[in-house]
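Colleague: Given the coordinates of chain A, assemble chains B and C onto it according to the supplied hints.
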Amino acid sequence: MKKSRLVIGATCAAMVGALALTACSGEDGGGDGQITFMFRGGPDEKAAYQAAIDRFTEETGVGVEVIVTDADQYATKLQAAVAGNNVPDVFYIEQANLQSYVASGVLMDITDQVDELGVDLDNIWQYGVDSYRFDGELQGTPEGRLYGLPKDVGPFAFGYNKTMFEAAGIPLPDPDVPLTWEQYVDICTRLTQDTDGDGAIDQWGTGPNVTWNLQSLVWSNGGDFVNEDRTQVTVDTPEFAEALQEFADLTTVDGVTPSAGDAATLDTYQRWMAGEIGFFPVGPWDVSVYNELDFDYDLIPWPTLGDGGAGAWIGSLGIGVSGTTDLPDAAVELVTYLSADTEAQQTLVDANIQVPNLIDMAEEWAAAPDAQPANRKEFLDIVQDYGRAMPAAYTYGAAWYDELWTNIQPVLDGEQTAADYLAEVQPRMQALLDESIVNAEQAFAGS
Amino acid sequence: MTVIPTLPRTRPVARTASTSGSGARRESRAVNIVLLVVLSVFAVAMLAPLLWMFTTAVKTKPEVFALPPVLWPSDPQWDTFARMWTEAPILSGFKNSIIVAASVTVVGSVTSSIAAFALAKMRLPAKNVIFLGLLTGLMIPYPTIMIPQFVMFSRIGWVDTLLPLIVPLLFGNIIMIFFLRQYLQTVPDSLIEAAKIDGASYLTVFGRMIVPMIRPAIAAQFILWFMTVWNDYLAPTLYLNSPGKQTLQVVIANLNVEYATQRDYPLIMAASFVALLPILVVFLVFQRQIIESVALTGTKG
Amino acid sequence: MSRSAASEAALPAASGAHPPDTCPLPRTARQRRALHRTEHRWALLFVAPPVLGYLLFTLYPVLFAGYASMTSWNGLGPMRFTGLDNYTRLLGDEYFHQSLFNTAFYMIGIPIGLALALLLAIALDRRIPGRTAFRTIYYVPVISSLAAIAIVWQFAYNGDFGLVNQVLAWFGVDGPNWLQDTTTVKPAIILMMVWKGLGYSMLLYLAAIQSVPASLHEAAALDGAGWWQRLRNITLPMVRPVTFFLVVTNVIGGAQLFTEINIMTPTGGPEFSSASVVWYIWRQAFRYQQMGYATAMAIVLGVLVLIITLIQFRLNRRNSFSID
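Residue numbers (this note's numbering), protein chains in the order written: chain A, 1 to 447; chain B, 448 to 748; chain C, 749 to 1072.
Bear in mind the hints are in silico, worked out from the structure with no lab data behind them. We put the beta carbon where it would ideally sit given N, CA and C, even for glycine. Where hints are given, some of them may not hold.
Some chain A residues judged to face chain B by a derived CB distance under 8 Å, without partners named [claimed, not checked]:
id : residue
1  : P43
2  : V68
3  : A71
4  : R133
5  : L172
6  : R190
7  : L266
Each computed SDA-like pair below joins lysine to any residue, with the alpha-carbon atoms no more than 25 Å apart [as the list claims (entries may be wrong)]:
id : chain 1 : residue 1 : chain 2 : residue 2
8  : C       : K934      : C       : A881
9  : A       : K46       : B       : R710
10 : A       : K162      : A       : D370
11 : C       : K934      : C       : W918
12 : A       : K46       : B       : L681
13 : B       : K508      : A       : P43
14 : B       : K574      : C       : F1061
15 : C       : K934      : A       : D370
16 : A       : K377      : A       : P171
17 : B       : K542      : B       : A529
18 : B       : K508      : A       : Q203
19 : B       : K508      : B       : E534
20 : B       : K542      : B       : P725
21 : B       : K574      : C       : L867
22 : C       : K934      : B       : Y589
23 : B       : K692      : C       : W918
24 : A       : K162      : A       : P43
So the derived label-pair ranges between C-beta atoms look like this [as the list claims (entries may be wrong)]:
id : chain 1 : residue 1 : chain 2 : residue 2 : range
25 : B       : N575      : A       : E415      : 47 to 57 Å
26 : C       : I856      : A       : E166      : 51 to 61 Å
27 : B       : W532      : A       : D194      : 28 to 38 Å
28 : C       : F909      : A       : E116      : 49 to 59 Å
29 : C       : T836      : A       : P410      : 40 to 50 Å
30 : B       : I545      : C       : L916      : 40 to 50 Å
31 : A       : E415      : C       : A852      : 43 to 53 Å
32 : C       : I1055     : A       : T231      : 38 to 48 Å
Next comes chain A alone, as it looks inside the complex (with noise of 0.2 Å):
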C-alpha cells in the first residue's frame, strides 16, 4: 500500500522534473547572437519589418526573432514578461508607458549608442524622436535622454467629402486655411440633409467622436487639459468649456450629427465610408480603406473655435530596447532600422498605412502629383508647425485622462451643461492626477 504510494509518487516527480529539464533547453530569445523584437501589427507592417530585420541580420550578422501579438494583449503580455524577466530585447512603447519603463528599468538609455551609429536624428520628425526623451522630469522636451525611436508618427487630420460638397454645390473649402467655427457649423447644416426624399435624414455635416475630437476644438479655442508643467488639470476653464458645449451643440442644438450615441461606436466610420458624412477626422492608417471608397476626399486644417490657431493631436508609437538585454548594440542598432530604415519607411508608405518618418522622404511623397488625397501635406503641417501630442502622453499614467470620458454622455446628450459637467469633474481628475505624480515619484526615488 505504501510502497504502491511512494511508487507512484516518484514517478511523478520523475515525470515533472524530466519534462521541466527538456523544456530548459531553450533559453529565451537573448543568447548567441539572437535578438527578439516584439510588436504587433497588420501584414503590412510584417513584411515591411521583415524586410528591414533581413537586411539588419546581412549587416550584423545578428538573428532577430520575430514575436507577433495581440493588439489587446500587448501591455498584458509586455508586462508579464517584465515580471518574468523574459522581456524581449526590442518592442513597441506606448508615450504614456515611457516613464514607467524608464523608472523600473524597463527601458534602456540609447542616447550614446544612437549617437555612435551616427543616424540622422535630424532627418526624423521631432516630435517623434523628443516623444521618447526623458530629462528627469519632464518628457518631450529636447534636452532630454532618448529612450526609443518612433515607430511612426500618426498626425489626426480632418477630411472632407469632395464628392458631397460637389453635388451639394458648397464651395470647397481651402486646404491651408481652417474654417472657423461657424462657417463649419453653417456648411454641417446645408449638408444635413434627406437626398432621397423619403422622409428620413441620410446625409450629415458629421459625426465626431468627442474622445478623438474634443482636443482640437479645445486647443484651438486657447484652452488646454494640463498646464505646462503637467501638475495642474485645466479642464474647468471658460475656453475649455465652451469648446465642449460647441461640440455638444453639434448634435443636441445645431443637429447635424446622426445620433451622439452612434458616434460611439463604429458606426459613425461606416456612415462616413457609405458617404453618408460631409466632414470626418482622418489619420494615415485610414489612408488605405479610404482611398477604395466610392467618393472623392481631402484633407483640411480643423476647424477653429477661437483665436488660439488649428490644433490636432498626433500619435505615436516608439520602439525602445530593454533595459536587460544581453546585446545592447545591436539592439539598438536593430531599432534605428526599423525606424529609419528607407527601404522598409517606403513599404509602409506604399501600403498607406503611415506617414514616412524621414523628413525628406516625408516631404517628397507630400509633394508627389498623383497624391492621395491630394491634400496629404497637410500630414506634415501637423507634425511639423500646429500639430500637438495627446494630453496623457506626457504624464506619468492616464487614469487622469480617462476620467474626463467616462461621465461626458450626459453632456453629450444634452442633460448637463458642460460648465456644469467640467467643475465636477475636474477635482476628480485633479486627484487622479495628484495620485499619478506620487507613484511616479515613488517609483523614481526607487529606481
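Modeller: Just chains B and C, lined up with the frame of chain A:
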C-alpha cells in the same frame, strides 16, 4: 440528491428518447407541434450570429462596413477560406490546439474522475474541506494569478512552450470533479459496499463499476473542458511567442490589428468559423454518450 | 456522508449466506478502524493529483497575490509594502463599487438562463422531430470562441442596422443603441451570456431528466397530477443536483466576467455601467499599472465569492434529503 422511494423495477430500462413518453404518458400532438415551432424560432436565434460570422467571412473588407448591411455578398470571396491557411499559421495553430486540448482532457478526465470518486464515495477525513479548498482556486480572478504563474514558469524556462498550458491541468479540473461528485452522490453506497465485500480493490471498483455509471457525466464535462481549453486565448497569448508554437485562438487573436479600418474581419471570421469545427465533431461524438446511454443498473431511478 | 445502519445490515443478505470466519466484515471496532485506514490511504492517493496541482500552481500565486495586495507595486519595479492602504482605498473607490454592482446585476442572467434551459430540456425530451438537430444547434453557441462571439454580437447590437434592432423593426419597435445606453447595456450583455450558455445547461438538464423514471410520471398522472404539478414535484427535485451545480459554477464564473465586456464595451460602457470587477482589475493592472491595487480588488472579489459559495453549500445541505 432527493429521491422519492424508488418504485419497484423488475429490470433495468435504458431510457432512450424513443421509449420516453411511451405508455401512459400520451404526448399531445398539438403541443408537440407548438413546441416544434417555438424551438425552431429559438434555433434561428441561436444560429443567426454564427450565420452572420459565416457570411462575413466571404465578404470583401469594405463590404463588412457597408451600410445598409450586406446580408449575402454579391460576389462571395470563397478564397478567404483558402488564403486563411497561408496568411497565418492556422495549420500549426490547429496542431498545437489539438495537442493541448487532447492531452489535457484525456489525462485530466482520468485524474478528475478518480478524485471525484474519492470525494464522493470514499471515507476520507476532512474531504469536504478538501473539496471546498479546491473550489476556491476558481474564485480568485485570473489576472491576479496569471502574473505569478508566469513568473514561476518563466524561471523554469517554460515560456514559449506548450507545457504551462498542459501540465497544471493534467492534475484535474475542479469543475469536473464537482459535477461528477454531484452525480455520484445519487449512487447508493450499498453498491460500493457490496463490491468491496466481494473483495474488489478500490481501483477495480472505480474502473469496473463507477466509470460506466458516470460515463454520461464524464462525457458532458469532457466536451465542456475540451471546448474551454480549445477556446482559451489569454494564457496562450502570454506564454507563446513563436508563430509555430501558438495555438489557434492566439493566431486568430493576432489578426486583430489596432485600427478597425485595417482589420481583416473576413479573415478573422473565416478562421473563427473553421476553429469551431473540431469542437463540433467532439460534441457530436460525445453527445450520444450523454443522452442516449443512460443504462444505469437499475438502482438509480 | 451518513451511512444508515440499514445498509450495513443489508449487506450480509446481499452476499448470500453468512460464512463465519472467512467473512470479511469488520466485527470489532478495531478491525473497522483498520479497514477505514486503508480506505483513507487509497482515497488520499486518489485525491492527490488535484490537491498537488492546487498546491503547486494555485497556492503560490494566491499567496503571492495576497502579499502583492498590500504593496504599491506597479507590476514592473520593486514592491513597496503599504499595509492595508489599498483596501482602504477600495472602500472609497466609486468605480469599484459600481463594478461590484454591475457584476451582481449580471448574475440576474443565471436564473433566467437556467429556467429557459430546463424548459428547453423538457421540450426536447418529447418526441419532436429533429430532436438531435435541435440539440446540436442549441449547443453551437456554447462551443464558439468567446472572442469571435463578442465581435459578432457587438455588430448585432449596433443601434441602427444591427441584427437585433432590425428584427425589432419587423415588430415596429424602435430599438435603442444597446451598448451605448446606460439602461440597456447590461441587459444586452446578459442576453448574450444567456444565449451562449443555454445549450450547455440544457444538455445537463436533459441528461438528468432522462433518468427520471417514466413510471414516476405515469403514477403521478394516474393520480391526477397536471403538468405543472408534475414539474414542481417530480422534475425539479430530481434535477436539483444539476441545478445546484449550475448555480454554483455560474456564480463563480459570472464573477470572473471579463472578455465579453472588454470586447463589446472596451471603455467600460457608458458612464461605467457595464464594467465588471475583473474588467476594472484588468484596467488598473495593465493600463494604469496599479498592480498592487488591482490585486487587492481581486482578493476582495475572491473572498466575496467564497462566502456566497459557502452559503450556497450550506443551504443545499439543509434542503436536501436523501434516502439511501
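Colleague: So, for every hint listed, does it hold in this structure?
Modeller: Taking the hints in turn, this is what the structure says about them:
Taken as an interface hint, P43/A checks out: its beta carbon lies about 7 Å from the nearest beta carbon of chain B, inside 8 Å. The criterion of a C-beta within 8 Å of any C-beta in chain B is met by V68/A, whose closest approach is roughly 6 Å, and the hint holds. The closest approach between the C-beta of A71/A and any C-beta of chain B is roughly 4 Å, which is under the 8 Å cut-off, so the hint is satisfied. A distance limit of 8 Å between C-beta atoms decides the matter here; for R133/A the minimum to chain B is near 24 Å, and the interface restraint is violated.
With a least beta-carbon distance of about 24 Å to chain B, the hint placing L172/A at the interface is violated under the 8 Å criterion. Checking R190/A against chain B by beta carbon gives a least distance of about 22 Å; that is not within 8 Å, so the hint is violated. About 6 Å separates the beta-carbon of L266/A from the nearest beta-carbon of chain B, less than 8 Å, and the hint is met. For the suggested pair K934/C and A881/C, the alpha carbons sit about 31 Å apart, so the restraint of at most 25 Å is broken.
Between the alpha carbons of K46/A and R710/B the distance comes to roughly 14 Å, so the proposed pair stays at or under 25 Å and holds. Pair hint K162/A plus D370/A holds up; C-alpha atoms about 16 Å apart against a cutoff of 25 Å. A C-alpha spacing of about 24 Å is found between K934/C and W918/C, which places the hinted pair at or below 25 Å, so the restraint holds. Taking the CA atoms of K46/A and L681/B, the gap is near 22 Å; set against the 25 Å cutoff, the hint holds.
Among the hinted pairs, K508/B with P43/A is consistent with the structure: their alpha-carbon atoms are about 14 Å apart, no more than 25 Å. Annotation: proposed proximity of K574/B to F1061/C holds, straight-line Cα distance about 14 Å (limit 25 Å). The straight-line distance between the Cα atoms of K934/C and D370/A is roughly 49 Å, outside the 25 Å bound, and the hint therefore fails. Between K377/A and P171/A the CA atoms are separated by roughly 21 Å; this keeps the pair inside 25 Å, and the hint holds.
This hinted pair checks out: K542/B and A529/B have alpha carbons roughly 18 Å apart, not beyond 25 Å. Proximity of K508/B to Q203/A is assessed by CA-CA distance (about 23 Å); at most 25 Å being required, the pair is judged to hold. Distance hint between K508/B and E534/B is fulfilled; the C-alpha atoms sit about 15 Å from each other, no more than 25 Å. Straight-line distance between C-alpha atoms of K542/B and P725/B comes to about 11 Å, which keeps the hinted pair within the 25 Å bound.
The straight-line distance between the Cα atoms of K574/B and L867/C is roughly 35 Å, outside the 25 Å bound, and the hint therefore fails. Between K934/C and Y589/B the alpha-carbon distance is near 22 Å, which keeps this suggested pair within the 25 Å criterion. Taken as a hint, the K692/B and W918/C pair is broken in the structure, with Cα atoms around 48 Å apart against an allowance of 25 Å. For the given pair, K162/A sits about 30 Å from P43/A by alpha-carbon distance, which is inconsistent with the 25 Å threshold.
Evaluation of the 47 to 57 Å hint for N575/B and E415/A yields a pass: the beta carbon distance comes to about 54 Å. Roughly 53 Å separates the CB atoms of I856/C and E166/A, a value that falls within the hinted 51 to 61 Å. For the hinted restraint 28 to 38 Å between W532/B and D194/A, the CB-CB distance of approximately 47 Å leaves it violated. Separation of F909/C from E116/A is about 57 Å and conforms to the stated range, judged on CB atoms against 49 to 59 Å.
Evaluation of the 40 to 50 Å hint for T836/C and P410/A yields a failure: the beta carbon distance comes to about 30 Å. Taking the beta carbon of each, I545/B and L916/C are about 41 Å apart, inside 40 to 50 Å as hinted. As the Cβ distance of E415/A to A852/C is approximately 26 Å, the hint placing it in 43 to 53 Å is violated. With their beta carbons about 43 Å apart, I1055/C and T231/A fall inside the hinted range of 38 to 48 Å.
Taken one by one, the earlier hints fail for this structure at numbers 4, 5, 6, 8, 15, 21, 23, 24, 27, 29, 31, listed in ascending order.
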